[in-house]
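> Now for the letters of each chain:
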Amino acid sequence: MSFYFSSWADFFAMGGHGLYVWLAYGVFFGALGVLTWRSVQAPKSWRREQQLLLKRQRQHQ
Amino acid sequence: MMLQAAFQVFKRDLRLGWRQSGEWLNPLIFFLMVITLVPLAISPDPARLRELAGGIIWIAALLAVLLAMDGLFRSDFDDGTLEQLLLTPAPLPLLVLAKVLAHWLQTGVALALLAPLAGVLLNLPSSVLVVLVMSLLLGTLTLSLISAIGAALTVGLRRGGVLVPLITLPMHIPVLIFATASVQASLSGLPVTGYLALLGAFLILALCLAPLAAAAALRLAVSGT
Amino acid sequence: MIDWLRRLWAAFERTVSPRHFYQLSGRWLPWFAWPAALLISVGLVWGLGIAPADYQQGNSYRIIFIHVPAASLAMGGYLLLAICGAITLIWRVKTAEMVAKAAAPVGALFCLMALITGSLWGKPTWGTYWVWDARLTSMLILLFLYLGVMALQNAFEEVSQGSKAAALLAVVGVVNLPIIKYSVEWWNTLHQGSTFRITERPTMPPEMYLPLLVMFLGLYALFASLILLRSRQEILQRERRSQWVRQLIEEPNQ
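Protein chains in written order, with this note's numbering: chain R, 1 to 61; chain Z, 1 to 225; chain G, 1 to 254.
Read the hints as simulated data drawn from the structure, not as lab findings.
Do not take every clue at face value.
[Unchecked claim] To spell it out: a stretch of chain G is covered by chain Z in this simulated footprint if at least three of its residues, at any positions, have a beta carbon under 8 Å from a beta carbon of chain Z; those stretches are:
| id | segment |
| --- | --- |
| 1 | 36-44 |
| 2 | 157-167 |
| 3 | 176-184 |
[What the hints assert, rightly or not] Here are the in silico distance ranges between beta carbons for each label pair:
| id | chain 1 | residue 1 | chain 2 | residue 2 | range |
| --- | --- | --- | --- | --- | --- |
| 4 | G | Y182 | Z | P44 | 34 to 40 Å |
| 5 | Z | R50 | R | Q41 | 55 to 61 Å |
| 6 | Z | G71 | G | L210 | 55 to 61 Å |
| 7 | R | R56 | G | R27 | 30 to 36 Å |
A virtual CB, placed ideally from N, CA and C, is assigned to each residue, including glycine.
Let's have the full structure, built from the sequences with the hints guiding it.
Following this line, the structure appears as C-alpha cells:
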C-alpha cells in the first residue's frame, strides 16, 4: 500500500473536486467535533456548578 | 353497552361541533383560500393548473385537516371531560374513534364535498372529480386518525398545536403520495382502482392502530407521567 | 415459583437502574472511545490518501467513506430510539428514557450529515446539489421524524412526561417507517421520466471497500461512545437529588 497522491498539492486538489471533498469532511468532522466536545464538557461544568450549589446550601444552614 | 358510550360521545361531539360553527368553517375557508392562492402565485394557465391540481388540492386539504385537528381533545381536556372519559368502563380507543369520526364528518367529509368546486377552479375535467372526492374521503379519515395521535400527545401543552404538524406530517406522506397518484392516473385515463384500494388499506390499518396509540397518549397526558 | 420470579424481576430492575447503568457505562466507555479514535484516524488516512480514485467519479467518491456510515447510523439511531421507546412504555424502565433523550440529537446530527455529505457528493458527480430520489427523500423525512421526537422530549415541563410521549411517538414512527420508505420508493419510480436515477454502485473493489469498513466501525464506535457519554450526563441530571449522585459530586475527582 502506498499513497495514491504524488504530492500534497494533488492531495488538496483531489483531482479538481477538492472543494466538495474537503467541505464535506470539514462539515462532518466539525459538527461531530463540536458534539463530542460538548458531550465531554457538560459533565465537568455541571459538576462544578452542582458543587458550588451544595456549598452555598451548606453555608445557609 | 360499550357501543352505547361510544355512540353518546359521537353524538355529543357532532352537536358541539355544529354549534361552534367557527370550528368547522375555518378549515374549509382556509382550504378555499389556499386554492385561490395558487393561480395567483404560480400561473393562471389552465393547462398548468390542471397538471398541478391534484397535488394542490391535496396539500390544501392536508393543511386544513391539520389546522382542524388541534382542537380534537383540547376542549375536553380543559373542562375535565377527558378525565371522565378515561374513567368510563368503555374502552378508550373506541371513544377516541367516536370522537375522530364525529370530527371527520365535519372536516374531512366537508372538504371532500368542497373538492369538486376546487377542481373546477383548477380546471380538472369532471371525470377526475369523482376520483378526487373518493381519494379525499378515504384519505382525510386516515389523516384525521394519524393526526389524532399527535393531538393526543400534545393535548396538555400550552402551544402544542404547533407541534402536531411536525410530529405527524412524515406519517401523512404515504397517503399524500398515493392519493395524488390516483388523481393523476385518472387525469391520464389510467386505472385508479389499485391506488384507491391501497388508500383503503392504509385506512384500515389506521382504524385498527391509531385509536390504540391515541388512547395510550391520552392516558399519558392526563396522568401527568 | 412466583417468589423466585419476583426476585428475578427485582434483580433485573436493579441491573437496568440508572445508577447501575451509570457504573456499567463508565466501564464500557473507554472500550468504545479509544477504538473509535484509532479506527477513524486509520480510516481517514486510508480513505483520503491511499485508496485509488474511482475511474468514473474521480476523487469525489471519497465522500462515501463518511456519507454511507452516516446514513446507516441515522437509521440505526432511530431504531435505537424506537427500542428505548418500547422498553419505556412496556416496562417503564427510566434508564431507557434517559438513553433516548441522550441519543436523539446524535442520530439527528448523523442524519443531517448524511444529507449534507450526500449533497456535496452529488454536485461534482451528477451536477446538482439535490435530487428528489428515493434515498435522499427518505433521509430527509427521517430527519423530520427525529425533529418531532426531539421536540416532544423538550416540550414538557415534566421531563419524564416528555420522554414518555416521545417514546410513544418513536414507536409509532418506526412502524410507519417501512410504509414511508415503500411509498417514497414507489413515488420515485413513478416520476422517473426526465430525471436520472442514482444507480446502485457496482460492487466495490477491496481497496475501496476496506477503508469504508474501517470508517464504518470507527464511526459506529464513536456513536456508541457519544451515547454512553450523554446518557451518563442525562442520568446524573435526572437523578441529581439522590444520595449516590450527591456523593459523586462531592468526590474531589471522578
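> Now, for every hint given, state plainly whether the structure supports it.
Here is how each hint holds up against the structure:
Remark: the segment 36-44 of chain G is not confirmed as covered by chain Z, as 0 of its residues place a Cβ nearer than 8 Å to a Cβ of that chain, below the required three. For the segment 157-167 of chain G, the stated coverage by chain Z holds: 5 residues have a C-beta nearer than 8 Å to a C-beta of that chain, and at least 3 were required. Coverage of the segment 176-184 of chain G by chain Z holds. Counting CB-CB distances below 8 Å, 6 residues qualify, and the rule asks for three or more. In this structure, Y182/G and P44/Z meet the distance hint of 34 to 40 Å, their C-beta atoms being roughly 37 Å apart.
For the hinted restraint 55 to 61 Å between R50/Z and Q41/R, the CB-CB distance of approximately 58 Å keeps it satisfied. Separated by about 57 Å at the C-beta atoms, G71/Z and L210/G satisfy the suggested range of 55 to 61 Å. Roughly 33 Å separates the CB atoms of R56/R and R27/G, a value that falls within the hinted 30 to 36 Å.
The structure is inconsistent with hint 1 alone, although it conforms to all the rest.
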